[in-house]
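Spelled out from the first residue to the last, the chains are:
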Amino acid sequence: MTPVHATFGEVAAERRIASVPLSHVSVELGHLYMEDFEAGPGRLREQFRKVAPWLATVRALWRERVPGGRARVSTCFLIDDYFSRFSTPAELVPMVLEAAAEHDLTIDYLARESACAESDGVELARLVEDRLVDDPPPDTDGSRPPVKETGWLCNGARSPRTTPVQAMGKARPWEPPVQNAKRGHSIFVDVELWDEKGSRRTWSCPFLAAVWQLLRLGLLRSEGRVPLPPVTLDGGWPRDWDALPAVVRLNPQATPFSAYTTLSVLSPRFLPVELAVRTILSQVAVDDEVLRQVATRSENEGIGLEEELVDRISYVFV
Amino acid sequence: MLAMGEVHTGLLQNSGEISESTCRQVLGLMAGETVRVSRRPIPHALSPERLTGVDCALPSASRSRIRGVGTVVSRCAVTGGRVAQGSSYVRVVRSEADRRLPWSHYLSRPGVVEVLGKAKAADLAEGFVGDPAPGCLDMGAISGRFLDLVQASPLLDRRAPFRIPRTSLRWVAETGEPSIRFTLHTEQERTLRLTHPGPFTPAVVDLCEDLATHDWLLTSLLIIVERARIGATPGAQAVARLAPAIDHLLHLWMPAARVEEWLRPFWESLERQPGFTRQWRSLVDRVRDQIATSTLALLSAATEAGRR
Chain A
0 MTPVHATFGE VAAERRIASV PLSHVSVELG HLYMEDFEAG PGRLREQFRK VAPWLATVRA
60 LWRERVPGGR ARVSTCFLID DYFSRFSTPA ELVPMVLEAA AEHDLTIDYL ARESACAESD
120 GVELARLVED RLVDDPPPDT DGSRPPVKET GWLCNGARSP RTTPVQAMGK ARPWEPPVQN
180 AKRGHSIFVD VELWDEKGSR RTWSCPFLAA VWQLLRLGLL RSEGRVPLPP VTLDGGWPRD
240 WDALPAVVRL NPQATPFSAY TTLSVLSPRF LPVELAVRTI LSQVAVDDEV LRQVATRSEN
300 EGIGLEEELV DRISYVFV
Chain B
0 MLAMGEVHTG LLQNSGEISE STCRQVLGLM AGETVRVSRR PIPHALSPER LTGVDCALPS
60 ASRSRIRGVG TVVSRCAVTG GRVAQGSSYV RVVRSEADRR LPWSHYLSRP GVVEVLGKAK
120 AADLAEGFVG DPAPGCLDMG AISGRFLDLV QASPLLDRRA PFRIPRTSLR WVAETGEPSI
180 RFTLHTEQER TLRLTHPGPF TPAVVDLCED LATHDWLLTS LLIIVERARI GATPGAQAVA
240 RLAPAIDHLL HLWMPAARVE EWLRPFWESL ERQPGFTRQW RSLVDRVRDQ IATSTLALLS
300 AATEAGRR
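Top to bottom, those sequences are chains A and B. Position 212 of the first sequence, counted from 1, bears residue number 211 in numbering that gives the first Met the number 0, the numbering being contiguous throughout. Position 119 of the second sequence, counted from 1, bears residue number 118 in numbering that gives the first Met the number 0, the numbering being contiguous throughout.
Some hints could be false.
To be verified - Taking lysine to aspartate or glutamate and the DMTMM-like style, the derived pairs with C-alpha atoms no more than 20 Å apart in a straight line are:
1) A:Lys181 - B:Glu95
2) A:Lys181 - A:Asp35
3) A:Lys147 - A:Glu191
4) A:Lys181 - B:Asp97
5) A:Lys49 - A:Asp35
6) A:Lys196 - A:Glu148
7) A:Lys181 - A:Asp103
8) A:Lys147 - B:Glu173
9) B:Lys119 - B:Asp130
10) A:Lys181 - B:Glu113
11) B:Lys119 - B:Glu95
12) B:Lys117 - A:Asp133
13) A:Lys181 - A:Glu273
14) A:Lys181 - A:Asp138
15) A:Lys147 - A:Glu195
For the record, the hints were derived by calculation from the structure and aren't laboratory data.
Throw the hints in and build the complete structure from the sequences for me.
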């Protein structure tokens with residue numbers, strides 16, 4: 000008898016990572032906080048008026064870049080229901096859509112900020128927190144666990160603690176913090192990721208914004224599955240934010256929510272937040288397999304994608 | 000250039016073996032990531048992988064200052080619900096830049112440490128399996144911490160049936176003409192030099208972890224047999240000392256169970272020289288013979304007593 004070649008497999012022993020459909024670019028048309036809402040619909044119209052030409056530009060740029068000119072551009076809008084709860088979806092969403100329509104903008108997807116913390120039993124923020132790999136200062140050899148200030152993340156080495164009088168009676172002079180990958184001089188950034196009052200943890204705005212970027216880039220998985228896939232809403236808008244799905248598909252013809260790259264059109268007042276977001280994102284280790292999936296997909300489409308994920312994120316501050 | 004790693008192996012700090020569901024919880028090191036479990040031919044659970052950032056000197060036999068920046072991959076494993084491991088490794092490659100780049104660059108290549116400046120693979124390999132100078136990349140400390148993480152799980156009762164030291168296996172793998180060199184250093188330290196055909200894949204890490212598991216089993220059984228002082232202590236006492244081995248170790252010997260086909264010849268060559276399984280079998284026979292003789296002695300004593 001000839002030898003029989005046997006193969007044996009066990010499902011629980013394999014890693015299965017779902018893939019996610021991807022547009023070329025996900026454009027965030029706006030981000031609504033309570034203060035914007037309180038400022039009235041005028042503020043929203045003003046935002047959309049500023050955004051409209053940039054969206055047109057992005058579409059044109061991607062049409063040139065994509066072979067055949069079939070650019071997949073999806074748009075999204077984020078509403079803050081995490082840091083403060085205001086109005087109701089039934090009241091707010093139609094107002095937003097109307098203001099967008101006045102400038103010929105179509106919002107394809109609408110998302111709730113609290114979903115970036117937790118939704119449908121998936122704690123996206125925890126998931127991302129576990130994927131943080133601290134940027135090591137020089138001479139980090141692994142012999143000691145990384146120096147951490149709980150709930151904070153920085154891009155270098157913090158200033159040594161200065162106590163007024165040392166044990167020997169000599170005051171220790173101040174020493175500067177140092178950025179790890181500095182070019183000449185340091186730009187040291189230290190970001191608060193969360194705070195806790197009792198057992199309740201509040202994630203910081205930059206941390207949730209980092210989760211939001213990862214979600215838009217299609218780089219998150221929970222137990223191998225794609226978290227928070229967009230949902231088409233049947234019936235009207237609910238009266239409670241919690242009743243609204245995390246990501247709602249508003250436009251049935253929309254290209255996929257997640258994309259190879261993202262563009263956010265924001266007011267310059269968000270500049271410090273976005274610096275913090277980039278500090279966080281440059282320390283998130285995305286799953287190897289997920290990175291490979293996205294890279295293979297883009298290569299097959301003839302699109303060269305930036306290797307580092309922070310380079311896939313761009314902004315227009317207007 | 001090369002890959003290197005270190006595996007720490009120890010007895011799980013629990014009175015008995017742990018179930019698959021406990022394993023999943025103990026090894027759940029990352030939210031949203033599954034613990035991979037295989038049941039045949041022996042239960043084996045593997046944690047999700049985590050990264051540690053490093054920027055430090057790499058070990059070098061010539062003691063030259065070679066700077067490496069990147070991430071170390073670590074994971075934990077539990078075999079047979081009984082043997083725990085913390086394992087770390089890196090792939091060392093030459094950097095295209097001569098300065099440290101933004102951290103996001105290194106995170107886009109998980110498990111890679113980039114060498115800034117000149118370095119020779121042989122110098123690094125010799126340095127790593129030799130005696131790495133302090134201040135150099137310390138994968139032993141990283142693996143040790145990962146093993147601690149498992150051992151400190153609140154799900155374990157910390158009442159291990161016997162005390163056995165941890166062992167560490169430091170390994171270096173390079174591409175080339177197949178060869179393997181396994182060296183015992185002190186009681187707990189081992190090194191492995193491996194040259195494999197084709198490029199490095201994580202299957203090489205599986206092989207090193209499998210060898211580490213079996214080397215630990217063999218070392219532990221040797222210690223238990225030694226402690227039993229067969230021949231020097233009364234039979235019943237020796238058997239009592241051998242009992243933990245029967246309860247907890249003897250069924251765990253399953254060489255090359257999780258090793259990919261193309262790497263099996265490496266295990267097989269170690270089976271010829273020094274012959275891990277040969278030594279294991281002889282020890283197991285010794286344990287069983289001791290028990291058989293002791294049982295016979297007890298039986299005949301009981302028969303004697305019955306006759307009287």
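Checked hints:
| no. | hint | in the structure |
| --- | --- | --- |
| 1 | A:Lys181 - B:Glu95 | 18 Å, holds |
| 2 | A:Lys181 - A:Asp35 | 37 Å, violated |
| 3 | A:Lys147 - A:Glu191 | 12 Å, holds |
| 4 | A:Lys181 - B:Asp97 | 14 Å, holds |
| 5 | A:Lys49 - A:Asp35 | 15 Å, holds |
| 6 | A:Lys196 - A:Glu148 | 17 Å, holds |
| 7 | A:Lys181 - A:Asp103 | 44 Å, violated |
| 8 | A:Lys147 - B:Glu173 | 35 Å, violated |
| 9 | B:Lys119 - B:Asp130 | 17 Å, holds |
| 10 | A:Lys181 - B:Glu113 | 18 Å, holds |
| 11 | B:Lys119 - B:Glu95 | 16 Å, holds |
| 12 | B:Lys117 - A:Asp133 | 26 Å, violated |
| 13 | A:Lys181 - A:Glu273 | 19 Å, holds |
| 14 | A:Lys181 - A:Asp138 | 16 Å, holds |
| 15 | A:Lys147 - A:Glu195 | 16 Å, holds |
In summary, the structure is inconsistent with hints 2, 7, 8 and 12 from the numbered list given earlier, while agreeing with the others.
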